[in-house]
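Here is what each chain is made of, one letter per residue.
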Amino acid sequence: MRADDDAHIAVPDPESDPESPDPVLRLHGVGKEFFGTSVLRDIDLTLLPGQVHALVGENGAGKSTLMKIVAGVHRPDTGAIELDGAPVSFPTPLDAQQAGVATVFQEFNLLPDRSVAENVYLGREPLLRGLVDRRRLHADTSHLLDDLGLTSITPWARVGSLSVAQQQVVEIVKAVSYDARIISMDEPTAALAEQEVALLYELIGRLRDRGVAILYVSHRLQEIYDLADTITVLKDGNHMLTAPAAEVSPDRLVRTMVGRDFAGFFPDKPADTVPTDTVPGEVPGEVPGEVRLALEGAGNQMVDDIDLEVRAGEIVALAGLQGSGRTEIAHGVFGIAPFTRGRMTVDGQPVHVRTPRQGVRHRLALVTEDRKSEGLALGQSVLANARLVLDAVLPRASDRRARGIPGVLRSLAVPASTVASAQDVEVQYLSGGNQQKVVLAKWLVTEPRVIVLDEPTRGIDVGAKRAVYDLMRTLTAEGTAVLLISSELPEVVAMADRILVLRDGRIAGELPGGSEEEAIMALATGAA
Amino acid sequence: MTAGTGAGTKVGTGAGSARRHHLGSTEIVYLALVGILVIAGVLVAVRGGNLFAQGNVSYMLTQTSLLGFVAVGQTLVVLCRSLDLSVGYVVALCSLIGATTMAGDPSRVWLGVVAALAVAAGVGLVNGLIISALRVNAFIATLGMGLIVKGFLDTRFKGPEGEVPLAFQTFGYTRIGPVPVSTIVMLLVAAAAFVLLTRTRAGYHMFAVGGNLDVARLSGVRTGRTLVLAHVLCSLCAGVAGLLIAARFGTGNALVYSYGLDLDSIAAVVLGGTLLFGGRGSVVGTVGGVAILAVLDTAFNVLDVNPFFKDVLRGVIIIAAVALYARRQIDPASRRVRFGTKGSAARGGDVA
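If you read the protein sequences in the order shown, they are chains H and L. Just so we're aligned: 361 in numbering that gives the first Met the number 0 is position 362 of the first sequence, and the numbers increase by one with no gaps anywhere. Just so we're aligned: 261 in numbering that gives the first Met the number 0 is position 262 of the second sequence, and the numbers increase by one with no gaps anywhere.
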């Protein structure tokens with residue numbers, strides 16, 4: 000399967016190139032099977048010191064498995080790992096860590112109730128006469144933080160009191176404290192806002208300068224081009240391509256990952272539903288334009304003075320930095336943290352949504368940003384999850400409407416085998432993309448008038464992203480109003496009819512769809 | 000995702016720096032203790048008594064020691080996100096083993112102490128191994144272990160047995176001023192546990208195991224060993240409590256298990272601000288929790304409250320206290336409020 004693309008040999012072979020440094024880590028022909036299913040085949044990977052190596056591919060392409068092999072969580076069934084030219088094996092993650100191979104996983108591996116220092120040196124606390132030497136513990140951590148230019152973090156700060164970005168940084172500091180020469184990061188920016196990403200970029204730059212080899216997994220193309228020296232693409236467990244980042248165009252990259260051109264990545268708006276003008280009342284007759292959801296001066300403890308309208312067939316995006324109040328608006332609309340001021344109308348009727356249950360009754364739907372903890376009962380079947388809202392809120396209609404679930408799942412491009420066994424397959428065993436489709440199905444069967452999508456494409460593969468975009472187009476074509484919250488500006492720009500930019504809990508401005516990303520950022524950061 | 004990723008770089012957006020000092024849960028425990036002392040003192044005074052008379056104070060302190068030993072041990076396992084429901088039975092078992100081994104012979108006192116503690120440690124070891132190696136839920140594992148011990152006690156011992164020499168009974172009765180020796184020993188044990196938790200690797204690792212088992216394991220913490228150690232120490236503390244019972248009664252007594260020390264100790268731990276889900280808490284808080292319960296008991300006794308109603312009050316107070324903590328355990332960093340309930344007037348200046 001990789002025979003059709005031998006670009007993977009394009010990486011300079013260190014043996015033949017005297018200029019390039021010796022690789023710190025090499026994987027030769029690594030393969031892995033789970034329960035007889037091959038998930039990785041014949042992977043070669045070479046990490047050089049002081050280089051950022053991006054690992055990309057759709058979910059299910061084998062990136063996570065490969066990372067876990069490097070991290071010592073899984074052991075490869077075939078192939079070999081070489082560290083500094085000598086064959087090694089990592090029976091446990093700890094062995095990998097102690098050999099200088101650290102991994103920063105997506106889920107934070109920190110103790111929120113302990114201090115930064117206690118977290119960084121957990122398991123290796125310095126001792127003085129048998130007791131923990133707290134002075135040295137703090138001094139060492141301080142030293143480490145200063146070394147990496149992280150002056151904003153103090154060793155004794157409780158990790159739970161830090162921002163998400165700072166926590167991420169603490170995790171990387173912990174890796175550095177093991178004298179890691181290889182640090183792999185699994186989507187480190189997934190939970191970060193734009194301005195926090197800068198902190199991470201800076202740190203990665205410093206690590207690179209120190210000669211650390213970085214294996215970087217990300218779904219965000221921009222990041223890959225910002226950071227990576229070399230890109231490796233996996234697809235369906237096969238090694239598709241390894242090449243210097245400068246030699247791979249984004250189009251080719253996406254094509255290699257999914258066999259699709261980047262140009263057609265976002266589905267176009269169907270011509271007949273595009274409002275030709277955003278001014279209310281001037282919408283052409285055939286366009287379903289009545290206001291589905293409206294807020295007037297809505298506010299609570301986190302947001303204030305929110306005026307917005309979402310019309311039938313319209314996608315309105317809420318953009319802004321993390322913490323700017325985007326999610327809080329969604330929570331206000333859906334009754335999770337209700338608005339305490341202002342008016343809200345659904346289909347022109349004033350409503351008071353105090354609980355999510357009332358929200359569902361008003362035919363609102365909210366796809367939350369954290370699907371694992373807020374969107375799904377992971378240990379239950381696909382069908383049970385898809386029926387969850389129906390059974391809870393609309394019990395009389397649930398059996399009838401649940402019959403539509405397989406169709407909805409199919410329309411979302413959930414694999415036929417999963418649809419067929421929807422009653423048995425537990426959601427936790429699905430890929431992130433398919434999990435998200437189950438969440439979407441759960442809401443679609445309630446036939447919402449307004450659907451709020453909070454980061455609907457976070458951490459899902461390119462194929463699933465496309466399915467979400469297609470769904471948004473289908474929904475608007477059917478007259479549903481869509482409120483989209485997203486940190487991915489290309490997504491906001493391409494999908495939304497109108498973009499409301501939030502800053503510090505207020506609407507900082509409105510932009511039409513297709514605006515420049517720079518204009519959105521300027522409003523969001525207050526530069527405008 | 001624009002080229003200008005650096006735009007608006009605010010490195011260090013965290014809340015860590017300029018936060019007001021919030022009352023820690025330990026401080027609240029002691030504030031509550033003072034509050035309860037004041038209220039109880041006033042109530043007793045209204046009835047013409049004196050809660051702080053020497054007799055009452057030493058009763059109060061005596062009450063703290065028995066539960067104190069058990070609760071200090073319980074703190075360690077709760078911090079590890081575990082639980083020990085067998086402590087009540089271990090107390091009874093150890094009182095009997097201590098008393099029957101001593102058999103009234105002063106020269107066998109040490110033998111009795113060692114035997115009781117060895118058995119206690121053994122029970123804790125088995126508890127810990129069942130939980131960590133067999134992966135049995137701690138609730139079930141220690142409940143089962145408690146039943147096993149109970150069955151053994153009920154079949155083997157019919158009523159009080161053994162005899163504690165007078166020399167050892169001093170552990171139960173001697174006082175220095177109003178302060179019983181047993182309370183001092185309890186405080187020493189608590190101090191040892193405090194040092195364990197705040198100054199030793201084992202203690203740090205208990206917090207880690209309770210906070211997040213995977214994090215602990217991935218950081219090289221020997222999680223199983225840590226959990227077993229916590230259970231052994233917890234049982235040892237219960238063993239000491241058993242010896243105290245023997246010293247007070249002069250004999251061992253199986254019926255001690257009906258004192259409800261298991262649940263009381265958990266109540267004291269939680270009252271002391273330790274998270275029932277592990278990872279956060281302190282021995283100092285637990286001692287405060289024990290003291291609160293002791294003050295309540297003393298006050299109820301002095302006020303001659305109906306014993307059944309006493310339990311109702313205890314229950315209400317425990318639930319109320321924990322409900323209070325639960326409100327506070329929402330992280331202040333994640334609860335920052337941008338706008339008051341009145342609306343926007345509070346903010347000014349930065350206009351878009």
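Keep in mind the hints are simulated off the structure, nothing from the lab. Ideal Cβ placement from N, Cα and C applies to all residues, glycine included. Hints may contain errors.
To be verified - Residues on chain L that point at chain H, a partial pick, calculated with CB under 7 angstroms:
(1) L195
(2) T199
(3) L217
(4) R224
To be verified - One-sided and incomplete, this derived list gives chain H residues near chain L with beta-carbon spacing under 10 angstroms:
(5) P90
(6) L110
(7) N118
(8) L126
(9) V131
(10) A138
Evaluated hints:
1. Residue-level restraint check for L195/L is violated (minimum Cβ-Cβ distance to chain H is 10 angstroms; threshold 7 angstroms).
2. Because the beta carbon of T199/L sits about 6 angstroms from the nearest beta carbon in chain H, less than 7 angstroms, this interface hint is met.
3. Nearest Cβ of chain H to the Cβ of L217/L: about 5 angstroms, under the 7 angstroms cut. The hint holds.
4. With a least beta-carbon distance of about 12 angstroms to chain H, the hint placing R224/L at the interface is violated under the 7 angstroms criterion.
5. A least Cβ separation of about 13 angstroms between P90/H and chain L goes past the 10 angstroms threshold, and the interface hint is therefore violated.
6. The beta carbon of L110/H is positioned within 10 angstroms of a beta carbon in chain L (closest approach about 4 angstroms), and the interface hint is therefore held.
7. About 8 angstroms separates the beta-carbon of N118/H from the nearest beta-carbon of chain L, less than 10 angstroms, and the hint is met.
8. Hint status for L126/H relative to chain L: holds, with the closest Cβ pair at about 7 angstroms, below 10 angstroms.
9. Interface restraint check: V131/H against chain L, minimum CB-CB distance 5 angstroms, threshold 10 angstroms, status holds.
10. For A138/H, the interface hint is violated, since its Cβ never comes within 10 angstroms of a Cβ in chain L; the closest pair sits about 17 angstroms apart.
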